[in-house]
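Can you join these two chains into the complex? Each is in its own frame, and there are hints to help.
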Amino acid sequence: MDDEVGAVINKCIQCGTCIGSCFSGRVTALNTRRILMEHLAKGVPIENHDALWFCVTCYACQERCPRGIPVTEIILKARNELARRKGLPGRLKNAFSYLEKHSALVPGKDRNLEMRKELGLPVYHSQFDDEARKEVSEIVKRHLKEVIR
Amino acid sequence: MKFFPGCMIHNRYPGIEKSLYYVFDNLEIEISPLKGSSCCPAPSITKSVSQDLWLEIGKRNIQLAKNDTIMTACNGCFTTLFEVSEKIGTGDVRHVAEFLYFDVGTEKIRRSITKRLPLKLAVHYGCHFFRPGEYKKFTSPERPKILDELVEAIGSQSVDYRYKMMCCGGGGGVRAGATEVSQELLEIKLDAMSNEEIDAIVVVCPLCLNQFDNGQKELENSRNRSYGIPTVHYIQLLAVAMGMEPELTGIQWHSISSTDLIEKLVKGEMAEE
Ligand code: SF4
Ligand code: SF4
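Chains as they are written, first to last, in this note's numbering: chain Y, 1 to 149; chain U, 1 to 273.
Incorrect hints may appear among the rest.
Calculated cross-link-like contacts (lysine to aspartate or glutamate; reagent style DMTMM-like; alpha-carbon spacing at most 25 Å) [said to hold, decoys possible]:
id	chain 1	residue 1	chain 2	residue 2
1	U	Lys115	U	Asp92
2	Y	Lys134	U	Glu56
3	U	Lys120	U	Glu149
4	U	Lys66	Y	Glu131
5	Y	Lys145	U	Glu56
6	Y	Lys141	U	Glu56
7	U	Lys267	U	Glu149
8	U	Lys164	U	Glu98
Keep in mind the hints are simulated off the structure, nothing from the lab.
Next up, chain U with everything else stripped away, as it sits in the complex (with noise of 0.2 Å):
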């Protein structure tokens, strides 16, 4: 397999990467770097210019991996690079989330892992997880369940909270061009997370980490709203239960972090044989 890292992967959470090996060498799946690929392009941005500049980097990108299945981290790349491949009739591209519930399964997950993370989540899909669903028929987009099940399997909640099917409001090329419309909805969002008591947000894209994360630090200065709650990214949960040093997760570079998040991951609970 290869790795597609995406520029918010290879340029900004370079952690989730890392997490990412473990978690595959730890179930013993081969990957490796998809060298030479470029920004995916992001989907509604790129759309929003030209359909045709996006097809034909994401087809640039899909031809490098010489038909090897192409291994995503990000509902963006994952968008474009599924879409594109559909539509040119090449390529096998997955999003770890869907694979890890899908062909390695919450069973064989909840027998991998080391420790138990006895951690309250919000968890948040984010949009392009399974949407456009015309080619993503892997889940219900109104009420998915395979988040729900992952964070189950490493021994954490996965807490309900009002608004959880909304956007992020970082998508569709808003939190650059619209930055104000971007944090209202932040705002609403995050308000509705903060109702139930959690020690973290969990996303599987890197975007949605970026919006949560640094957005909490814009809504401080701009709204003088904190709330303080950290964003991590599925992968990186899933390496520490399975063992890897929480440090590697790079969640120490997050802009929110809060030393009881890091304690239970340090410590976590004996995972039962």
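Excised from the complex, chain Y in its bound form (with noise of 0.2 Å):
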């Protein structure tokens, strides 16, 4: 975590409206004013928890926050450094080569052209155009080169 989001996680009161706003929470081991708290008393980094998967990105943590700590984004900062360190977990980890390959994150199979044809529908996602796909595909060569292995 750079010092611009220490900062603000500084500010944190332990009033755990985050982790009562988290419906992940109580289901997983997930919690988040723990999670903060580790950090500001201990100085556990905010990546070294697995748990971060478990997050759904709902943002009610973050919006309900009293003191507007950006719980979701520094959650999904943290990932970045979790994904460098251990990859991507569970079927997440074909997504960004999918998304290199097709220019999607969810490919169309030859089935799915069957149900729009059917609909009379055209098919124009970058991942049937060799261009737009090609430069799609650079775009996440270009980001994702030493970020992924």
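Structure representation (structure tokens):
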């Protein structure tokens, strides 16, 4: 975490409003208040918690925090480091190779194109347009070269 | 206007797109596909690896529209393109549900339909319809009413249920990255919905649709839980209320369907003049 984020986290008063709003925290080990507490009290890096992957990014915590701490943004940022260290969890592993190869996180298959045809819809996603697809692939390659193994 | 389909609508739920064109045609609003547009890219998943990647692909998509209004029908696409447009200072990005509510209005919708749909619906907004609210200031994320009123405008009833504002469990990369957690959350949500008498769940996002629809199938397999509640996108219902054949909405391709729902869609009730 950079200094800017550190300064923001310092404003946390440990009120627990964030975790009280968190549905994911009710069923998983994700505990935003505690993650911030351990960071403040013992300097434990935010990105040390694998439970960050349990956040559904609903933004309820962030928008209800009385101190204006961007909790969700902090989680997303910490995930960058977590992903760099340990890779992406579960089926997310393939996501960015799809994005690089097809310019789609959810690529279309033949069956999907048939559905479009049946409805009389054109096929125009960059996945099916060589030039557009290459353009997007280049962007993905440029940014993810050293980020994701 | 340009329609931005994103991966989920272009590659999984084309019936949403078909329905949207039907509705816009009916309202005499010109709209055409945003050719060559890519994955938006999905906000939370992409930001989880690189904010810069998210920004650059988002920017490319916005620039393709050459300042024409970009219409989305997905909370994820809306979030990415809307946020990026605010950051780079160009692009007019809309979500079809808020566009219908604010620019068309429920009165006009009421007058435009040819049949009322007497359905009891569990409304699910989806977290990213109004959050992060730093940019989307159009409605209260704590007590929204846009979708409830849109539902009433087509003669359906929005049934209140516990955990109405809870996430479907599909966001943030959790569906793919931590499938167990995603199913746990979905189960809580569906338990609450199934306590009420409803014909369907209505959403404004293909990712929520996928989570509720295919997610129910998955819960049957992994947890032996069976709910049998169909899920539809609001624009599919509106298109049918305006006279489109239910088949063209593609709901016959959803995992969970019910003959009861299809019957109600086919028949409807006469709209009052
Ligand atoms: S709601 Fe804000 S101030 Fe309260 S514990 Fe959470 S982050 Fe800290
Ligand atoms: S954004 Fe994440 S941490 Fe915050 S309340 Fe939602 S699931 Fe919990």
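These are the hints, each one checked on the structure:
no.	hint	in the structure
1	U/Lys115 / U/Asp92	violated, 32 Å
2	Y/Lys134 / U/Glu56	holds, 14 Å
3	U/Lys120 / U/Glu149	holds, 13 Å
4	U/Lys66 / Y/Glu131	holds, 18 Å
5	Y/Lys145 / U/Glu56	holds, 15 Å
6	Y/Lys141 / U/Glu56	holds, 12 Å
7	U/Lys267 / U/Glu149	holds, 22 Å
8	U/Lys164 / U/Glu98	holds, 19 Å
Checked against the numbered hints above, the structure violates only hint 1.
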